[in-house]
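Whenever a hint applies, use it, and build me the whole structure from the sequences.
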Amino acid sequence: MIEGKIIKFYREKAKLTQKELVKDICSVTHLSKIERGSTEYSSKTMNIVANRLGINMELEIKNLNLIKKLLDRWHEMIIKERVQEIESIKEKLEINPFIEISTYTDLYKLLLARYDLIHNQSDKAFGIIKDLQKSSIHLSQYESNLFKHVKGIYYLAKNDFYKAIEKLNDVTYEDYNNPEYYYHLAVAYHNINSQIMSYHYADKALIEFKKTNNFLKVIDTEMLMLVQLQFEHHPDFNDTVKKYEILIETCDIFNENRKKSKLLHNLAFFYFIHKKYEAASELYKKSCELKNRTSNEYLLSLEGYIRSTFEAGILSREELLTYINEGLTIAMEVQNKLFIILFNLLMYLINTQQDLYCDYLMTEGLPFFQKYGYVYLIQRSEKELFDYYDASGNKELALEISRHFFNQNKYIKY
Numbered sequence: 001m002i003e004g005k006i007i008k009f010y011r012e013k014a015k016l017t018q019k020e021l022v023k024d025i026c027s028v029t030h031l032s033k034i035e036r037g038s039t040e041y042s043s044k045t046m047n048i049v050a051n052r053l054g055i056n057m058e059l060e061i062k063n064l065n066l067i068k069k070l071l072d073r074w075h076e077m078i079i080k081e082r083v084q085e086i087e088s089i090k091e092k093l094e095i096n097p098f099i100e101i102s103t104y105t106d107l108y109k110l111l112l113a114r115y116d117l118i119h120n121q122s123d124k125a126f127g128i129i130k131d132l133q134k135s136s137i138h139l140s141q142y143e144s145n146l147f148k149h150v151k152g153i154y155y156l157a158k159n160d161f162y163k164a165i166e167k168l169n170d171v172t173y174e175d176y177n178n179p180e181y182y183y184h185l186a187v188a189y190h191n192i193n194s195q196i197m198s199y200h201y202a203d204k205a206l207i208e209f210k211k212t213n214n215f216l217k218v219i220d221t222e223m224l225m226l227v228q229l230q231f232e233h234h235p236d237f238n239d240t241v242k243k244y245e246i247l248i249e250t251c252d253i254f255n256e257n258r259k260k261s262k263l264l265h266n267l268a269f270f271y272f273i274h275k276k277y278e279a280a281s282e283l284y285k286k287s288c289e290l291k292n293r294t295s296n297e298y299l300l301s302l303e304g305y306i307r308s309t310f311e312a313g314i315l316s317r318e319e320l321l322t323y324i325n326e327g328l329t330i331a332m333e334v335q336n337k338l339f340i341i342l343f344n345l346l347m348y349l350i351n352t353q354q355d356l357y358c359d360y361l362m363t364e365g366l367p368f369f370q371k372y373g374y375v376y377l378i379q380r381s382e383k384e385l386f387d388y389y390d391a392s393g394n395k396e397l398a399l400e401i402s403r404h405f406f407n408q409n410k411y412i413k414y
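With UniProt numbering applied, the sequence shown covers 1 to 414.
Think of the hints as simulated: they come from the structure by calculation, not from any bench. Note that the structure is predicted; figures quoted are calculated from it, not measured. A virtual CB, placed ideally from N, CA and C, is assigned to each residue, including glycine.
Under the rule of at most 27 Å between Cα atoms (straight-line distance), these lysine-lysine pairs were calculated in the BS3-like manner:
id, residue 1, residue 2
1, K285, K242
2, K92, K69
3, K275, K285
4, K80, K68
5, K92, K15
6, K383, K276
7, K23, K33
8, K210, K68
9, K90, K68
The calculated label-pair distances, taken between Cβ atoms and stated as ranges, are:
id, residue 1, residue 2, range
10, K19, I137, 30 to 40 Å
11, E249, D203, 20 to 30 Å
12, G54, N120, 33 to 43 Å
13, Q379, Q84, 35 to 45 Å
14, K69, F237, 42 to 52 Å
15, N292, T17, 47 to 57 Å
16, K337, R82, 27 to 37 Å
17, D203, R73, 20 to 30 Å
Written as structure tokens, this is what we have:
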């Protein structure tokens with residue numbers, strides 16, 4: 001019974017023994033049974049015990065029953081990306097004294113891990129995941145699926161995309177009913193360069209997000225679907241650009257600068273792969289202006305800006321080196337090896353040190369890209385190395401690179 005749990009909680013908080021609490025009220029045995037919920041008791045006895053503890057039992061029961069409603073609302077707001085509501089509900093949960101004695105402790109921990117992942121605190125999330133792993137057999141079906149989903153998001157954050165796919169594919173939608181996991185599957189497949197599977201799951205997510213009027217997630221999903229389409233052999237260039245522009249306008253309506261910055265970046269990349277370098281550089285610059293300078297997203301757009309301006313020939317070597325040094329400094333400060341490699345490569349590129357560029361790419365860049373599954377960078381690197389070794393007369397090494405490229409793509413089954 002709920003009252004017994006509340007009495008035990010406040011008795012232990014007050015550091016009272018059972019004997020001390022029920023002196024002149026009832027027997028210790030009776031209180032013990034009340035706390036365990038294994039006996040009936042009179043309202044008079046309960047009122048006296050509650051008064052001695054200085055609590056309003058009716059209010060305390062209300063607080064305990066509120067937990068599940070708050071947790072469900074918190075999850076909904078996380079899915080819908082309602083930042084203010086997310087923080088407000090978190091504060092209410094943190095001051096609710098009964099999280100630990102409720103039957104929703106595991107659900108709270110799972111959503112706390114999700115919250116940590118939203119805020120790029122993957123180490124904190126992993127600590128919760130490890131803790132829950134020990135008691136995972138006691139999770140409800142819904143909680144078990146949420147646990148798999150959280151682990152999938154964690155592996156996405158760690159760029160372990162195949163592991164993310166493995167965990168997310170274990171989710172049973174009928175027992176979970178959260179289309180967001182479709183979206184995360186689409187993201188994972190996108191990152192292993194599987195456009196068909198990515199588009200498939202993004203489309204499933206989009207249908208559900210539209211049903212629930214989750215407009216922010218609709219933007220994310222349509223953006224992801226556009227990225228898959230732009231890798232088709234003959235995409236309609238003007239139509240694709242128009243779709244991006246509509247999504248960017250939608251971001252302005254919702255005042256969503258972060259999503260707008262992603263759209264600008266992706267549209268810039270679309271221009272870049274179509275060799276429209278000057279237009280790409282302008283979009284990369286706009287994307288950078290909307291991002292935190294110490295974030296990975298900023299460094300990614302900055303790298304794109306430098307490459308596109310270099311290809312367009314619109315900045316001097318000195319100006320380009322200034323931007324490269326900025327990126328390299330930030331990457332080293334935040335200890336991000338990916339961008340340390342990318343900006344070092346740009347340094348060699350701008351200084352026309354082709355031999356050093358390819359040597360660094362072969363010994364540092366490509367192994368790192370392969371280790372963490374950066375498919376686009378792997379393919380770009382292998383093409384650059386093949387062209388370099390073929391042109392320099394090292395046919396054997398060029399052949400080895402081409403064989404590796406073929407085998408890497410041959411066995412992708414997604």
